[in-house]
Amino acid sequence: MSETREACWHWLSSSLVGETALLWRLVERYGTPESIFAVREEDLQKAFPKNPGGIRRLCQGRREWDFAREEERLVRLGMSFVSCEHLAYPRRLQNISQKPGGIYFRGKLPEDDRPSIGIVGARACSAYGRSAALWFAKELAGAGVQIVSGMASGIDGFGHWGALEAGGKTFGVLGGGVDICYPKSHQELYLRLEQEGGLLSENPPGTKAMSHLFPLRNRIISGLSDAVLIIEAKGKSGSLITADTALEQGRDVYAVPGRLADPLSAGCNHLIGQGAGIALSPQYILDEMGIISKSIKKKKERTQKDLEKAENMVYSCLGLQARKPEELCEETELSLIEVLRILGSLELKGYAKEVYKNYYIRAL
Amino acid sequence: MFSNVQSAALNGLEAYMVRVEADISDGMPQLLMVGYLSSEVREAGDRVRTALRNTGIALPPKRITVNLAPAGIRKAGSRFDLPVAAAILASLEKIPGQGLEDVMLAGELSLSGQVLPVPGILALVEAARDAGIRRCIVPDKNAAEGAVLEEVEVIGVSSLAELIEILRHPEKAVRVRVDTTELLREQNFSGGEDFAEVNGQASVRRAAEIAAAGMHNLLMIGPPGSGKTMIARRIAGILPAVSLQESLEITKLYSVAGLLPEQTSLMVKRPFRSPHHTVTPEALAGGGRVPAPGEISLSSGGILFLDEFPEFRRNALEILRQPLEDRRVCISRTAGTYVFPAKCMLVAAMNPCPCGYYPDRGRCTCTEEEAARYLGRISRPLLDRIDICTEVPEISYEELTEKRKNESSWEIRRRVERAHEMQKDRFLGMPSAFNAYLSGKEVEKYCPLGKKEQKLIKNAFVKLNLSGRAYYKIIKTARTIADLEGEARILEQHLLEAVHYRIPDYTCRRRSL
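As given, the protein sequences belong to chains A and B, one line each in that order.
With the first letter of the first sequence counted as 1, position 148 gets the number 148 in my numbering; the numbers rise by one all the way through.
With the first letter of the second sequence counted as 1, position 490 gets the number 490 in my numbering; the numbers rise by one all the way through.
Hints are not guaranteed to be accurate.
Below, computed lysine-lysine pairings styled on DSS-like, alpha-carbon distance capped at 25 Å [stated by the list, open to error]:
#, chain 1, residue 1, chain 2, residue 2
1, A, LYS324, B, LYS403
2, A, LYS349, B, LYS458
3, B, LYS441, B, LYS452
4, A, LYS108, A, LYS50
5, B, LYS451, A, LYS349
6, A, LYS349, B, LYS452
7, B, LYS403, B, LYS424
In case anyone wonders, no lab produced these hints; they're calculated from the structure.
Small disclaimer: the values here were computed from a predicted structure and weren't measured.
All chains should be built: construct the whole structure from the sequences, respecting the hints.
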């Protein structure tokens with residue numbers, strides 16, 4: 001057996017997609033991946049009678065495995081592999097339970113000595129969640145924090161975009177193979193992440209993004225982060241799995257507070273009730289984590305400066321919750337036409353934003 | 001003996017004169033119909049023979065030949081029964097043959113001799129007028145329709161016997177008269193669906209008013225049950241009252257399509273057409289072997305309402321593009337090209353996403369991509385023809401049951417009328433009578449912007465990532481808002497409001513804060 005340790009890890013990770021538990025039991029019994037490669041199928045089956053399917057898949061793959069060809073395939077796909085014994089393997093992942101046997105990635109891996117925060121949340125998010133995700137990601141990334149997320153639609157995507165907007169580093173942990181852009185609509189984000197951050201996965205190239213892989217992916221997101229920030233989550237949400245794994249791994253959990261009776265904030269408010277940190281602002285999180293930021297400037301109080309009186313009235317009614325012009329009319333007692341014109345002017349001055357037809361939020 | 005009478009045939013919306021000739025000669029007893037006839041015209045012979053017998057006139061055992069001239073154009077429809085009967089009667093010398101050249105006849109006969117109504121009478125009478133004919137005899141149920149043209153004497157007959165009586169004693173005929181001015185005045189006071197019944201929805205009311213003022217096409221996005229259909233039905237009522245010329249055009253269309261209610265002389269209300277989303281392209285734009293006007297033509301002068309806009313078949317929607325631009329539909333057949341008007345205002349309504357509740361996250365189960373894809377089902381070129389887009393929010397219980405007095409359609413219409421007047425003055429002698437019809441070049445000419453306004457629109461162009469089309473749409477809409485205020489120049493405030501009505505662009509929304 002002349003193959004390198006890395007190549008054998010590559011083989012082992014490729015053969016046991018979604019079976020990390022089996023992987024570590026095998027390693028525990030036989031010591032190294034090379035030795036696992038050499039064990040006969042019957043012996044393996046005898047040693048692990050509880051998981052005949054996993055062993056069968058492992059051995060099937062082994063018969064057709066060609067180390068040179070697989071190496072070449074990675075190169076062709078522009079991808080790299082680091083095993084858990086490699087120096088470049090993210091240090092944060094070393095001490096989590098069921099750590100990945102290896103990581104496939106494009107672009108870069110998160111740096112070990114820079115703080116990193118995971119931003120996760122609902123796929124079907126509200127305008128409030130979108131703004132919050134963009135804001136936190138932008139400010140945190142601007143302060144030099146690496147943003148880790150799952151590149152899913154909704155909060156995850158906005159987390160990445162926010163970080164990219166600040167010119168920060170951001171990393172997408174994928175459920176499938178790194179060569180597969182899922183969801184497809186995130187093609188542009190996918191390309192940006194590869195260039196300005198990294199795309200990583202524990203699964204080999206070509207792995208389809210299947211639903212059972214996503215909860216497993218979540219443990220890597222929390223594992224790569226020093227703290228996890230949940231932006232919006234329903235009562236029963238995948239993001240809460242990430243919060244759980246984060247707690248198991250000893251990471252801090254922050255949640256963005258929401259309104260009562262808002263289904264998308266139920267999960268977050270529950271987390272806060274359970275003792276999660278309350279994410280009041282990016283600065284608050286940075287202070288809590290003891291990160292001294294030079295780049296976060298005190299936001300200048302923009303009101304009253306270059307706004308007229310009526311504009312100021314409308315502006316002060318805007319928040320992160322999307323609001324309709326009619327509601328603003330009632331509050332400010334201005335006529336609808338006036339409010340529409342003021343909103344137009346606020347939008348052009350960069351104070352308001354239309355997030356959906358006729359729904360406005362305060363631009364941060 | 002030979003005789004001939006005048007009738008007319010339809011070709012799309014236009015009618016042309018047809019001479020019906022009859023000749024009785026010795027030979028095999030039969031009734032022969034010639035002149036490039038469709039089968040319903042050919043069958044006229046049998047109907048006429050039986051109707052005559054049941055009126056007490058038996059045809060002699062002779063060879064009767066009936067010809068419809070010009071013989072080179074195909075004739076269709078059941079309106080030739082009456083002229084065929086008259087021509088045969090004249091050649092039998094049952095009625096005097098002279099004087100018939102000056103009478104146009106049209107109508108269908110039943111076997112008992114009753115005269116049945118036929119479509120297209122207004123167009124036929126118009127053709128007769130243009131040909132210099134002074135008297136038209138039509139089914140009495142259509143008489144009111146023909147009588148709106150005052151230059152022609154229109155006489156209604158209900159049976160063949162009555163026809164014979166009138167042709168024998170032309171002086172006995174009673175002319176049908178219709179007072180068009182009175183009819184047009186009545187519509188101002190007719191009740192019906194009124195904006196006063198719409199509670200809340202202030203921003204939609206405003207958008208509808210602007211759309212009506214400049215004849216801009218309108219897109220309403222909102223959850224089910226929020227009142228999109230209710231509002232759409234009321235938009236026709238805030239458009240200015242129809243003029244006689246408009247009314248005649250609408251009536252002619254409905255008459256040709258066979259949709260004019262019986263005993264109606266003029267359509268004095270603007271049409272509101274709401275085809276179901278399963279409509280075929282032919283039914284929407286017009287078509288058929290002998291082309292008939294489609295929904296877009298039938299709503300000419302009024303509202304074409306397309307509910308569930310993205311659910312329409314793609315090819316049906318795409319066919320709308322050309323008519324919306326040219327405001328007419330051209331249908332080509334080997335026999336010729338048929339032109340129907342399409343001066344309608346398109347009002348489209350849609351849900352924001354497949355489930356209908358986006359962006360209400362409590363109920364909507366769709367992802368942002370799904371919502372974007374839903375709007376994406378409508379092609380960009382078609383959306384480009386819609387100037388104004390608004391959201392119709394769900395209405396609360398308080399708003400729904402509120403007893404407040406809302407502004408009525410009549411009050412809104414007065415403002416819209418004023419805006420239309422301003423446009424009429426501005427576009428004097430131009431094909432574009434409304435702001436919505438302006439081309440890019442015409443926008444530059446008729447909607448000049450001041451320094452401040454130019455700076456604002458430049459800023460908007462960059463900030464809001466506008467396309468070239470969206471840029472012109474905003475200026476056109478701003479022009480209409482200025483017209484509503486009686487303002488000769490487009491001011492900043494008009495542009496700021498117009499910015500609201502642009503169609504949401506999903507693709508550039510996602511990344512920035």
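Review point. What hints, given by number in increasing order, does this structure fail?
Key: As far as the earlier hints go, 4, 7 are violated by this structure, in ascending order.
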